[in-house]
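Please work from the sequences and hints to get the whole structure.
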Amino acid sequence: MEKLSFAEIDNTVNATLEPPGRMYWTVVALLFCGVLVGAACWGWQILVGIGAGGQNSPVNWGTYLINFVFWVGIAHSGTLISAILYLLRAGWRNPIARAAETMTVFAVCTAGLFPFIHLGRVWMVYYMLPVPNQRTLWPNFQSPLMFDVVAISTYLIVSVLFWYTGMLPDFAVIRDRAAGVRKKIFTVLSLGWTGRYEQWRHYSRGYLLFAALATPLVISVHSVVSWDFALGVAPGWHTTIFAPYFVAGAIHSGLAMVLTLMIPMRRIFNAQRIITMHVLESVAKTIVFTGLIVGFAYATEYFIAWYSRNSVEMEVFAFRSTGDFALQYWIMVICNSLVPLLFFIKRIRTSILWLFAISIAVNIGMWFERFVIIISSVARDFLPHAWGDYAPTGIEYGIMLGSFCLFFFLFFLFVKHLPSISMTEIKELQHQAGTHD
Amino acid sequence: MTNHDTHITALFADDAQAAAAVGALRQTQWPVADVHGPIPSQAISGALGIKKSGVGWFTLAGGVFGFFLGYFLAVFTSARWGLIVSGKPVLSYIPFFIVGFEFTILFSVLANVLGLILLMRLPAHRDLPRYRPECSADRFGVVVSCRQGEAPEVRRFLTELGGEMPEPADTQRDL
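Chains as they are written, first to last, in our numbering: chain B, 67 to 503; chain L, -16 to 158.
Certain hints may be false.
Said to hold, decoys possible - Footprint (simulated), chain B over chain L, 3 or more residues, beta carbon under 8 Å:
id, segment
1, 98 to 109
2, 119 to 125
3, 135 to 145
It is worth saying that the hints were derived from the structure and are not from the lab.
Idealized CB from N, CA, C, for every residue including glycine.
Written as structure tokens, this is what we have:
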């Protein structure tokens, strides 16, 4: 990173919090309209019943589960960047850590809506909570779906606390520059942080422990999500490869989303001196790594099916690549495994246009990966007379649009109202490099 | 030192200078009341003789409590609902470790936050009077306690160490 003074870092980040223009509010209003479309579709589904979606027997899980797994996956690279790379002392993470953490929080919030949506009778959600009740029924903790409730709730709480704790010193920076109501708000948010070394002593230790705890959590959460499928005895699902395969895929999709968000953000906020090409290039290199793991997992699934000589398993995998969902399958393979290999070429991974285009391709590919996994196995189960088909309905598309709009709506609000780049971590980076004034 | 009724704050451009000032002040009769800075600094922590934080004990206690709570919850709910599902025993001890693990992380983090709040004494708005806003930006502030009559001498001493003496809010009678 080039030489930046502490004042320049503060000025750059504080400039992102200047009152936004009309364009910003127009985009926010459009995104809010998208959220309303999703809410209206959900409302309609509550009114007429879960049959408003395209789920059927045997394809009981449609886009609601696809989107749930997709958004949980997006969340994961935020924790990779903020926690795992923090423990590994990867300096390039600092400029994007805050935005990635924010992405995690909003992606988990968005993901968390889908089990509610899929419940149909959403007011029965308390059935999942282990509370004494008149039914004398308790949740069954032998089910991976209940593991999921515990894991996702834990992940959301931990992500929010990690995010807020990381922002404390930055809130103090904003408080000290602000006036009026804004100063009062940031005074409350900063909890009176003064950067006393007595505070830093506990803060540094506590933050390190946060990172150390978030690291196994992130691996466990997507493993638990994968067991929603792997513990079922459906062909194509019942395999031990699922946990690492899902974790790698989650990080792959999340890193792509980081690029999708960071590239416009650095341009809009003139943060090119902080979110440098080196940072984006490092993300691209990591995407190559995760893409290779994902590609290896795709190949291994086929190998296991062939090597097992299990006719049902072989039929399911043949169906994936040549059957009704072959288009989705090949989009998945090309976008997730082949397109990221372009990042081996330095000219491509240092081109903003290519980085952005490939990040979008990986996002699309990872959505279709979830589609292929969730739909194709149950659509071609053991018994041919029980085979089925699936296509999302307009209501499902509306809810999906709403979920994407909700995520970007929250992110847009965040970047203009809270520090989207960690000033403290950038200062630490400059200090370690000995480059600040 | 109850007869020290004034605080003088000197601002330093980098942590090495601030750490050197802390070291020099420890050789005098004027105690260092506080040091504020925009980033953690090993040099300053070393000069102040700050020990390792005890927040990890909170985290450990939370983790142990969380594990047993999660495991107990899974056992208790299964025992209350004694139905065999998919041929699995009612008390499936190995899968219950997953619930125990998630609760371990959850309660470790909650205890970590509780430990931070208690040990950092947050919210700490009453500390703000001795605090200079430059210390959240790009300066390291060393706060020295002294008697009112010694203030000019302390200022001269700190200036010689490379400190900037901000005016006029540097001297406050808040003890």
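Check: If you check each hint against the structure, which ones fail?
Finding: Per hint list: single violation, 3.
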